[in-house]
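Residue numbers (the numbering used here), protein chains in the order written: chain P, 1 to 116; chain H, 1 to 113.
The hints are simulated quantities; they were obtained by calculation from the structure and are not laboratory data. Quick caveat, the model's predicted, so the values are computed rather than measured. Hints are not guaranteed to be accurate.
[What the hints assert, rightly or not] Reference listing, derived: stretches of chain H covered by chain P, where coverage requires no fewer than 3 residues with Cβ under 8 angstroms from a Cβ of chain P:
hint: 1; segment: 39 to 49
hint: 2; segment: 104 to 113
[Stated by the list, open to error] With the C-beta cut set under 8 angstroms, the calculated list includes, among others, these residues of chain P facing chain H:
hint: 3; residue: Pro42
hint: 4; residue: Pro43
hint: 5; residue: Val48
hint: 6; residue: Ser50
hint: 7; residue: Ser55
hint: 8; residue: Ile56
hint: 9; residue: Thr104
hint: 10; residue: Gly110
For every residue, glycine included, the Cβ atom is placed at its ideal position computed from N, Cα and C.
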Amino acid sequence: DTEVTQTPKHLVMGMTNKKSLKCEQHMGHRAMYWYKQKAKKPPELMFVYSYEKLSINESVPSRFSPECPNSSLLNLHLHALQPEDSALYLCASSQGLRRSSTDTQYFGPGTRLTVL
Amino acid sequence: SQQGEEDPQALSIQEGENATMNCSYKTSINNLQWYRQNSGRGLVHLILIRSNEREKHSGRLRVTLDTSKKSSSLLITASRAADTASYFCATPPFGGGGNKLTFGTGTQLKVEL
Chain P
1 DTEVTQTPKH LVMGMTNKKS LKCEQHMGHR AMYWYKQKAK KPPELMFVYS
51 YEKLSINESV PSRFSPECPN SSLLNLHLHA LQPEDSALYL CASSQGLRRS
101 STDTQYFGPG TRLTVL
Chain H
1 SQQGEEDPQA LSIQEGENAT MNCSYKTSIN NLQWYRQNSG RGLVHLILIR
51 SNEREKHSGR LRVTLDTSKK SSSLLITASR AADTASYFCA TPPFGGGGNK
101 LTFGTGTQLK VEL
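Next comes chain P alone, as it looks inside the complex (with noise of 0.2 angstroms):
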């Protein structure tokens, strides 16, 4: 199973809304990570879990919680979020390897955010 599954498909939200993104991969990966992508743009990383431990925050907004129950999940909990962070949010997983820059990135197939 080299697939990484992400719900919901599509969300739309008012700016008073929480909400949550979920994120599953069963590859055995230690390391799994959350993107923001704008249209036409590249993905841009939000946050990064190794080993279930949160390794990198990119300076997200505190509106933006992620949290990683175990190996296998990873939510991303929207609270308060303005109509700039409607975006593709992309979940991906890697095997993790600690010192090893040949980790190759597996995306899901993203939630479409809409704030409205």
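Go by the hints and put chain H onto chain P.
Here is chain H on its own, set in the frame of chain P:
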């Protein structure tokens, strides 16, 4: 800031033709990776070329790397309509720790029938 700049930004070709896209980067690298993204979907890893390699092939893909010029190119031969996608180069941090990929600006390829 982004590591890689890609050109062209957009490329339109006929099915059967070859497509070449280029990536330039700014700092030393251990390797350079190419990813494909179909419209509004996740990215798919295509190929990785290490800094001590000059050329690598995978099926209809040919990647070259020139570390003296800090540039790489991706050639897709005998293109098909299914190759229509955005293509990104990406580099991990130099010195190890492959977690933080930095993506280039991307090339949008359209292959017409």
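- request: Of all the hints given earlier, name the ones this structure violates by number, lowest first.
  value: Of the numbered hints, all hold.
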